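Novice: These protein sequence lines map, in sequence, to chains A and B.
Counting from 1, position 127 in the first sequence corresponds to residue 127 in our numbering; the numbering is continuous, with no gaps.
Counting from 1, position 60 in the second sequence corresponds to residue 60 in our numbering; the numbering is continuous, with no gaps.
Be aware that one or more of the hints could be misleading.
Each computed EDC-like pair below joins lysine to aspartate or glutamate, with the alpha-carbon atoms no more than 16 Å apart [as the list claims (entries may be wrong)]: (1) K204/A / E186/A; (2) K119/B / E8/A; (3) K204/A / D194/A; (4) K22/B / D96/A.
If you are wondering where the hints come from, they were derived from the structure by calculation, not from laboratory data.
Predicted model, so just to flag it, every value in this text is computed and none were measured.
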Amino acid sequence: MTGRARSEALAAYLFLGPWFAGLILITVGPLFASLVLSFTDYDMTGAPDWVGLRNYAELLFEDPRFWQAARVTFFYVVISVPLVIAVSLLIAVTLDRGLSGLPIYRTMFYIPSLIGGSVTIALLWRQVFGSEGVFNAVLEPIGLSSGGSWIGHPNSALGTLITLHVWSFGSTMVIFLAALRQVPLELYEAAQIDGTNAWQRFWKISLPLISPAMLFNLVLQTISSFQAFTQAHIVSNGSGGPIDSTLFYTLYLYQKAFIENEMGYASAMAWLLLVAIAGFTASLFATSRFWVFYGDR
Amino acid sequence: MTAAPDQSTVQRRRRLKARLWKLAAHALLLGLLFVMLYPVLWLISSSLRHQDDIFHEPGLWPTSFTLQNYVNGWHFFQGFTFGDFFINSFLIAFLCILGNLVACSLAAYAFARLRFPLKNLFFALMLGSIMLPVHVQLIPQYIVFLNLGWVNTYIPLVMPKWLATDAFFVFLMVQFMRNLPRELEEAAEIDGASFWHRYWHIILPLSMPAIVTTALFTFIFTYNDYLSQLIYLTSLNKTTVPLALRLFIDSGGGTSNFGGLFAMSVLALGPVIGFFLATQRFIVQGFATTGLK
């Protein structure tokens with residue numbers, strides 16, 4: 001290495017100093033510590049007891065609430081992620097076709113995604129879908145009101161949370177919109193001259209050209225949906241009820257770790273979550289070479 | 001000579017069709033927006049009603065008008081006003097923003113503009129850490145912070161930001177800095193300027209869109225953050241806006257003060273929307289450079 005290259009490398013490592021410290025102390029260190037903890041029984045008093053794979057065995061074979069939490073979360077992810085993608089794509093395509101007022105629409109549709117994850121909106125959702133809420137009041141005149149609380153009924157509680165997720169589709173829409181704006185207009189014009197209709201142009205031009213944004217959105221949405229917590233904790237008042245119908249995986253993990261002090265058990269749950277997210281993400285990337293189109297390759 | 005008028009009718013018909021389509025699209029979008037924003041508008045309208053009227057009135061038009069809910073909500077907690085919780089929330093957000101701006105931009109400069117051994121490995125690690133769920137680190141972090149006596153302080157919430165653990169923002173800034181022209185730094189290099197000088201005086205001032213984007217989203221994420229505040233903040237004098245809002249709800253799931261809850265909810269939404277509207281022209285620029293096509 002020349003002197004200049006060495007001083008550049010030294011400078012780079014200094015610039016990276018805080019990030020290195022964070023990587024070791026906040027990210028990688030705790031990551032492995034929780035792996036070790038997952039093989040122990042640790043209630044925050046005394047030292048952790050080594051129990052080998054017992055936490056994992058108990059989770060997978062003896063804990064019905066674990067499976068309920070996994071089911072609820074899986075259902076939430078596979079229903080709400082495609083819905084969010086579909087709605088945001090539909091709105092983005094509509095906006096992209098030369099409508100006036102695009103910046104205003106974009107801002108207005110985007111705002112819910114900024115507040116959708118907040119306690120404030122989750123509390124509002126409790127009221128809107130409560131027994132005396134706005135939703136019932138709107139349904140009443142057309143005779144569809146159940147009269148009861150949508151939050152309080154096990155068949156509809158998760159649905160209200162999926163609605164909340166779809167409500168915050170704006171951030172996904174903005175990314176689609178940015179991608180759609182990059183599609184060269186000449187392609188549409190040429191296809192129009194060839195006598196194609198709008199539907200064909202969407203499937204044959206827009207969709208392939210925005211497929212990288214599609215992959216990005218799918219990955220981002222999947223990862224964040226697996227980790228959803230605030231909405232369920234607020235709407236169910238921390239319980240995951242009624243009868244565990246909103247027991248998100250992270251909510252159960254929180255109960256185990258911070259209510260029942262079962263740190264080893266909760267660590268095992270955290271690692272299973274990591275494996276599930278990694279598996280989902282990896283399969284998205286693995287299939288992506290069949291459907292994501294990179295123009296420059 | 002019949003071709004010319006024919007063509008113009010076709011054109012006129014096509015233009016009419018396009019105009020009708022646009023009209024329909026506007027109607028659809030406005031309708032959807034109204035349905036989506038209805039709950040929030042209802043919240044605002046209800047916060048200005050007499051408490052007794054709130055649940056008898058699904059409409060938006062205020063049937064009665066009072067600011068009493070705002071007074072009640074502000075003073076709901078004995079010995080504290082809601083202002084105290086706002087100050088706590090803002091303080092945490094401010095320290096987090098500062099931390100993210102400093103630490104992420106330093107790391108981003110190295111990744112974007114400098115050559116050093118193992119760069120690709122570190123960059124891959126940085127990208128990988130974006131995808132890690134916080135829950136795999138949460139428990140050991142909590143145990144360590146508890147033993148250090150840091151629970152019920154702001155250190156566990158703020159300190160990680162000063163160590164650039166929000167890797168997403170490092171990535172955002174790297175993408176932005178990469179696209180700045182090389183020549184900018186070459187002149188400074190010939191003059192013998194240090195890397196620090198090049199980072200501080202050349203690259204950073206040009207990275208404003210990325211900086212504002214990072215500041216905005218750090219604000220929104222920390223201000224909306226619930227899980228870590230729920231875990232780490234245990235006393236009322238440290239409590240933040242989201243935790244305080246939740247305290248309106250009692251263990252039975254009801255509240256003695258819906259009006260106050262609604263009024264404080266409206267106040268709680270204000271800063272996020274205000275900050276976004278004030279900075280949004282930078283945001284578009286900031287996101288346009290993340291390399292998404």
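Novice: All hints, please: hold or fail.
Specialist: Consistency of the hints with the structure:
no. : hint            : result
1   : K204/A / E186/A : 14 Å, holds
2   : K119/B / E8/A   : 12 Å, holds
3   : K204/A / D194/A : 13 Å, holds
4   : K22/B / D96/A   : 11 Å, holds
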